[in-house]
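A.B. asks: Those protein sequences? They're chains A and B, same order as listed.
The numbers in numbering that gives the first Met the number 0 rise by one with no breaks, and the one at position 126 of the first sequence is 125.
The numbers in numbering that gives the first Met the number 0 rise by one with no breaks, and the one at position 193 of the second sequence is 192.
Keep in mind the hints are simulated off the structure, nothing from the lab.
A couple of the hints might just be wrong.
Straight-line distance between alpha carbons at most 27 Å, and here's what the computed DSS-like set of lysine-lysine pairs gives [said to hold, decoys possible]:
no., chain 1, residue 1, chain 2, residue 2
1, A, K14, B, K227
2, A, K14, B, K82
3, B, K10, A, K159
4, A, K102, A, K134
5, B, K102, B, K69
6, B, K205, B, K259
7, A, K10, B, K159
8, A, K45, B, K211
9, B, K10, A, K20
10, B, K82, A, K10
11, A, K10, B, K166
12, A, K14, B, K10
13, A, K211, A, K227
14, A, K10, B, K45
15, A, K10, B, K160
16, B, K227, B, K211
17, A, K10, B, K20
18, A, K260, A, K166
19, B, K159, B, K260
20, A, K227, A, K159
Just the calculated beta-carbon pair ranges, DEER-fashion [as the list claims (entries may be wrong)]:
no., chain 1, residue 1, chain 2, residue 2, range
21, B, P251, A, I16, 25 to 33 Å
22, A, K14, B, S107, 43 to 51 Å
23, A, E86, B, D11, 19 to 27 Å
24, A, I16, B, L1, 58 to 66 Å
25, A, S94, B, S15, 20 to 28 Å
26, B, D11, A, Q87, 14 to 22 Å
27, A, K205, B, D11, 43 to 51 Å
28, B, K166, A, R72, 47 to 55 Å
29, B, D11, A, I16, 17 to 25 Å
30, A, S94, B, K166, 37 to 45 Å
31, B, F258, A, E86, 58 to 66 Å
32, A, K14, B, A180, 41 to 49 Å
33, A, K255, B, L1, 49 to 57 Å
34, A, S22, B, A180, 50 to 58 Å
Covered, in the sense of this in silico footprint (three residues per stretch, anywhere, with C-beta under 8 Å from a C-beta of chain B), are these stretches of chain A [as the list claims (entries may be wrong)]:
no., region
35, 0 to 13
36, 122 to 134
37, 156 to 163
38, 228 to 237
Backbone N, C-alpha and C fix where the C-beta goes; we use that ideal spot for every residue, glycine too.
The lines below spell out each chain.
There are 2 protein chains.
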Amino acid sequence: MLIFYRQIDLKDHLKSISAPKISIGFVPTMGALHQGHLTLMQQSLKHNDFTVMSIFVNPTQFNNSEDLVKYPRTLDRDIEKIKSVSEQIIVYAPSVEDIYNGKTVSQSFDFQGLEHQMEGRHRPGHFDGVGTVVKRLFEIVNPTNAYFGEKDFQQLQIVKKLVEILKMPVNIVGIPIFRTASGLAMSSRNERLSTAERESATMIYKILCQAKIQFGTKSASQVSDWVKKSFDRQSDFRLEYFEIADEATLLPCIRKSKFKKYRAFIAVFVNEVRLIDTISLN
Amino acid sequence: MLIFYRQIDLKDHLKSISAPKISIGFVPTMGALHQGHLTLMQQSLKHNDFTVMSIFVNPTQFNNSEDLVKYPRTLDRDIEKIKSVSEQIIVYAPSVEDIYNGKTVSQSFDFQGLEHQMEGRHRPGHFDGVGTVVKRLFEIVNPTNAYFGEKDFQQLQIVKKLVEILKMPVNIVGIPIFRTASGLAMSSRNERLSTAERESATMIYKILCQAKIQFGTKSASQVSDWVKKSFDRQSDFRLEYFEIADEATLLPCIRKSKFKKYRAFIAVFVNEVRLIDTISLN
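Modelling step: build the complete structure from the supplied sequences, incorporating the hints.
C.D. replies: Have a look at this one:
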């Protein structure tokens, strides 16, 4: 039996029993789930009372309509994969109408420069699309924690900036890249690679690892030149960008500072399929 | 695993898991607990997830300062009694300061006439005091259901009116009078009766039962006259009032209507101790 003598103590107790603190973990995805997504799910399950996973191919973040059409859609298989990890997941697989309510357009955001680098430069409008859908999903799910893979490191930083700007009470958690044994970063786009392409795509991570070693003694521009030359020799690769940037601002590294954390970013076409990867240089 | 395709369905589900509906039952008392109070507690325990019982001798509802001083205060014994029924009760035993915060005065209410009858007429300011403390306690506890004994039937109607006027989302539940085997209505004031007075006080309920029978064939004023004469013959009783009134409005019954429910109300002094009782006449 509990006895309270002061209303403030009673009120606190009644609040704690009336509205118990429930944490909701959220893993937004575009489906075509792979081990990288499942790792995010497992983290969310571990740290939250409930986990919501959304599966939604967001049209406004595709700058290329062919890419949007070709993006793999595998809902039934995705649901099987989720079930194999946990029956406790709450799946949200909305239609475009349910999210955009007839107006499939992006809101315009000021991400304070983060959106002008790399993916933002090469995929115009991409991060406005990401911001629009993430904001919408956060409003719907109201998560305590939301999980994003570090493969899309720039997106992770953009989402952190988004909740800061909008003052949304969501904790953004970045999860390290899940790689195959041969080093290829898990990506839904890997499904579009042939077996031979998948094999040669392992070169991307090997180059990143080499770049990391070189960055110990060489300048960012020397490392970049070496990476570009390495891809020039490969006929089935077309390098879109390789950049060494400050992790916080995503601005290119001109002169190394020991007070900053750096990261290498790469986008490369393996024939028709565009892949991205990243590695911490610290 | 749950799958949602529409945000409205997902939101509903998340709401249900984030803020589960918890019902709080509330039994406000002035302590000196008896079986009547314990019956209220048991009703609350049965129908709510949590039960709060307050023990607070409310100064603003006493029109007579001697009555306030003499009102029995038995917190330790009350707590033992509560424990014997359930360890699950949340007890709230505030100080006058905690409730009134330095201003021990009543708010003035318009209970649409209910406050001008019987107890209201004989105890000036009583129902403003009741309204003030019940409003305050409801604000603190925020109960789903609040339990009141029908012995204080006028108070029960006043409290129902209070939540109606203030639009407080509290369901007011009236619980029938608990009587000893000899018919005496349980009351904290019974503690102030001697054994002999307690024995003679059983007359009150006997008179009420007789009145009920007489009301089948006689008019309200005929029954009232008979009750008054019955008490005139008793030297240790002083009748304050006996009234037959409409249950809903508490207005005296002038001419019986078969569309109304009537109830007899009595207040009587047994030597120094004022007792009240009531009986349904239908």
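A.B. asks: What's the verdict on K102(B) and K69(B), does the C-alpha distance respect the 27 Å limit or exceed it?
C.D. replies: It holds: about 22 Å lies between the C-alpha atoms, which stays within 27 Å.
A.B. asks: Cβ-Cβ distance between S22(A) and A180(B): within 50 to 58 Å?
C.D. replies: holds, 55 Å
A.B. asks: Holds or violated: the region 156 to 163 of chain A covered by chain B, criterion of 3 or more residues with Cβ-Cβ distance under 8 Å?
C.D. replies: Our answer is that it is violated, as 0 residues pass the Cβ test (under 8 Å) against chain B, missing three.
A.B. asks: Would you mind confirming whether the straight-line C-alpha gap from K45(A) to K211(B) stays at or under 27 Å?
C.D. replies: Not OK: K45(A) and K211(B) at ~67 Å, beyond 27 Å, violated.
A.B. asks: Between K205(B) and K259(B), does the CA-CA distance stay at or below 27 Å?
C.D. replies: The hint holds at about 24 Å.
A.B. asks: Hinted pair, alpha-carbon criterion (27 Å max): K14(A), K82(B). Please report holds or violated.
C.D. replies: holds, 23 Å
A.B. asks: Is it true that the CA of K82(B) sits at most 27 Å from the CA of K10(A)?
C.D. replies: Holds, at roughly 22 Å.
A.B. asks: Within the assertion that chain B covers the region 0 to 13 of chain A, do at least three residues meet a Cβ-to-Cβ distance smaller than 8 Å?
C.D. replies: holds (count 11)
A.B. asks: Go ahead and decide if the range 41 to 49 Å is satisfied by the Cβ distance of K14(A) to A180(B).
C.D. replies: Holds - the Cβ-Cβ distance for K14(A) and A180(B), about 44 Å, lies within 41 to 49 Å.
A.B. asks: Is the hinted pair K211(A) and K227(A) satisfied, with a Cα-Cα distance of at most 27 Å?
C.D. replies: With a Cα-Cα distance of about 15 Å, the restraint between K211(A) and K227(A) holds, given a limit of 27 Å.
A.B. asks: Holds or violated: K102(A) with K134(A), Cα cutoff 27 Å?
C.D. replies: holds, 15 Å
A.B. asks: Take a quick look at whether K10(A) and K20(B) sit within 27 Å of each other, Cα to Cα.
C.D. replies: With a Cα-Cα distance of about 17 Å, the restraint between K10(A) and K20(B) holds, given a limit of 27 Å.
In the structure shown, a violation is registered for the earlier hints numbered 1, 8, 20, 21, 22, 24, 36, 37, 38, in ascending order.
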